[in-house]
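Participant: Sequence:
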Amino acid sequence: MSNADEVRSPNDPRLTRRQLIEAMLASGGVLAAGPLLAACGGGTQATPTPPSGQAPAASAPPASASSPSPSPTACATCPSPGASPGVTPTAGEKQAEEVPPQQPQRGGTIPTPREQTVVVDQAPFTIFDSFNPFIPNGWQYNGGAQQILVENLFYWLPTGEIKPWLGKEWKYNSDYSELTLTLNPKVKWNDGQPFTSEDVKYSLEIQQDPALFGSGIKEFDSVETPDEHTVVIKLTKPNPRYHQRFICGIIGSFIVVPKHIWFKHNPKTFKNNPPVFTGPYVLDRAIPSQLMFVWKKNPNYWNKDEFDPAPQYVVYRTAPVPDSEVQEFKRGTVDVASFDYTHAMAVKNGGYQNIIITTKFRDPCPRGIHVNCDPSKPLLSDPRARWAISYLIDRQKIGTAVWFVPTPPAQYPWADYESNKKWSNDSIASKYQLTYDPKKAEQLFDELGAKKDSSGRRMYKGKQVEINIITPVAVGQPEYVIGQLLSQELQKIGIKSSVRALSGSVFSDKQSKGQYDLLSLWICGELFDPAQFYSQFDNRQYKPIGKDASSDQVRLKDQKFQELILKLNNANPDDPKNKPLYDQALERFYQLLPVIPIIQTTYPKVYNTTYWTGWPTDDNVYTVPLEWWGQFMFVIGNLKPAKSS
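In mature numbering (1 follows the signal peptide of the UniProt record, and there is no 0), the protein residues as written are -38 to -1, 1 to 607.
Read the hints as simulated data drawn from the structure, not as lab findings.
Every value quoted in this text rests on a predicted model; they were computed, and no experiment measured them.
Here a beta-carbon is modelled for each residue, glycine too, at the ideal position from N, C-alpha and C.
Please note that a few of the clues may not be correct.
To be verified - In the PhoX-like style, the derived pairs of lysine-lysine whose C-alpha atoms are separated by at most 25 Å in a straight line are: (1) Lys541 / Lys529; (2) Lys130 / Lys230; (3) Lys163 / Lys199.
Said to hold, decoys possible - FRET-style restraints, in silico, Cβ to Cβ: (4) Arg68 / Lys509: 47 to 53 Å; (5) Asp537 / Asp153: 50 to 56 Å; (6) Thr198 / Lys414: 29 to 35 Å; (7) Asp537 / Lys196: 20 to 26 Å; (8) Lys539 / Lys413: 43 to 49 Å; (9) Glu123 / Gln503: 32 to 38 Å.
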């Protein structure tokens, strides 16, 4: 591998959880389930200091502090879709324009009364003229569209509650081959037309087209609409989790569009501008020169009797560079900031009173190490070697000294949400404690026959043991530093080791082809139930090293685990009788340890209370506090003017 493969420049593309999600969401991909469906990190964070006595292999390029995350690679590099056929804006709405992306030194000027407006700083925006969620570069999902324009049938909350919204309920037939959705009869589109079962049917059926995003929707034979508020989906095979596609879990879910508008256009090119959806806000204007979307409260919103947000306007804008944003925040220009924790604490410690910093909401993906378990790797294919690697990880040190904010160790391969407690089993976990114990690690390698020679090198079958680590993040970022620490520990016990930061495309190719020993990144997949997570170890899609694998990229082959995975796939996660099956799968996961949980993932969020109160706090995380998730609508709905509170 050449040095060109390493991440050296801030302009190098890097594969992140957020980019994976955004690449899908930029085109309306289904995010309700599946191993790639991770939530992404919050605001941009300061680069952590490498461990004492160890310098990074190269100077760490600072994360772009102007935004909470990189914008989607596709959106930044591809042309915007062509213009849609003529659509006349409704009253009070303006056609959006299209301009090349920019990086502002100062934030855009707010064009609405400040005391009536919530101002949200976000990642760089590039698409201003299109609101089509089904095509590449079809919309700027994180500019407010996915949050306060689009609504979902159901919403997942961190407490475990599933909140009905556009939908009222779901139910299956006895063998889970048929799903019936009951819709809320009150719902109307923002053009005043009723929201009906025909809209859901149309939206499902157009996504059968492989040119449109929605491959996760194609598991049905037919859709029937016995009345305006009932949808009956006949599945190609029994699936007790099909309803999860309609729950806003991570960022969004299956998106319904109005048939009465879309059927007149080609979904592959239609811009849906001005956008017609059901949410409490409509597009007032997009201002490309200011990198800004202005959303105005819909006076005819279908649910205003029960959900009537106080802000008249919500402005989503591209965040300026951090120094500018900090000053604007202190002047009360910004309500939801994107600057990092270091800047936030400097603002707070500097005496600014109107700041809330939340640190209690977890990203769904703990940080972790993925191990290449392919049978061709004689050591790593043995669970004892994987446990030895786990014993070399000091989770307490990582959680307190490496991560952006203090965060606890991860014992389970999922976030420690209240909703996940039902999947835990402390009696099982207590038998498989993920502790730091280098002596135990050496003992396990000795048992495997990988013993030290007279020079201290650990040998196996006549060759020095070598275990290398790759990561998709920049040198100096936490996942890289985690890899450094592990590499150091491996070297201490006589194993040759290195860590490399690879560009996104290079990393993705090596992960898919199995051309790695260890990956330092994140453990994703579980939100509604662990079967989502375990599905990534389904070895029916096994491919030998060198071949692209869409699933089982750790190349684990274990018949007992495979049988449990298949049973879970057909088990109703809401039936308590299936909990023993989940416990068996959890124990088998620990025995095999194909991925190694390290720490929970905590990202801070920063809010300003000058104009609005009611933000999520560490004492009351009443919904997902992240401004790019669909649940952020409930944050907007909870706000009250500061002067009247």
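Participant: Find the hints from earlier in the document that the structure breaks and name them by number, from lowest to highest.
Facilitator: Hints 2, 5, 6 not satisfied by this model.
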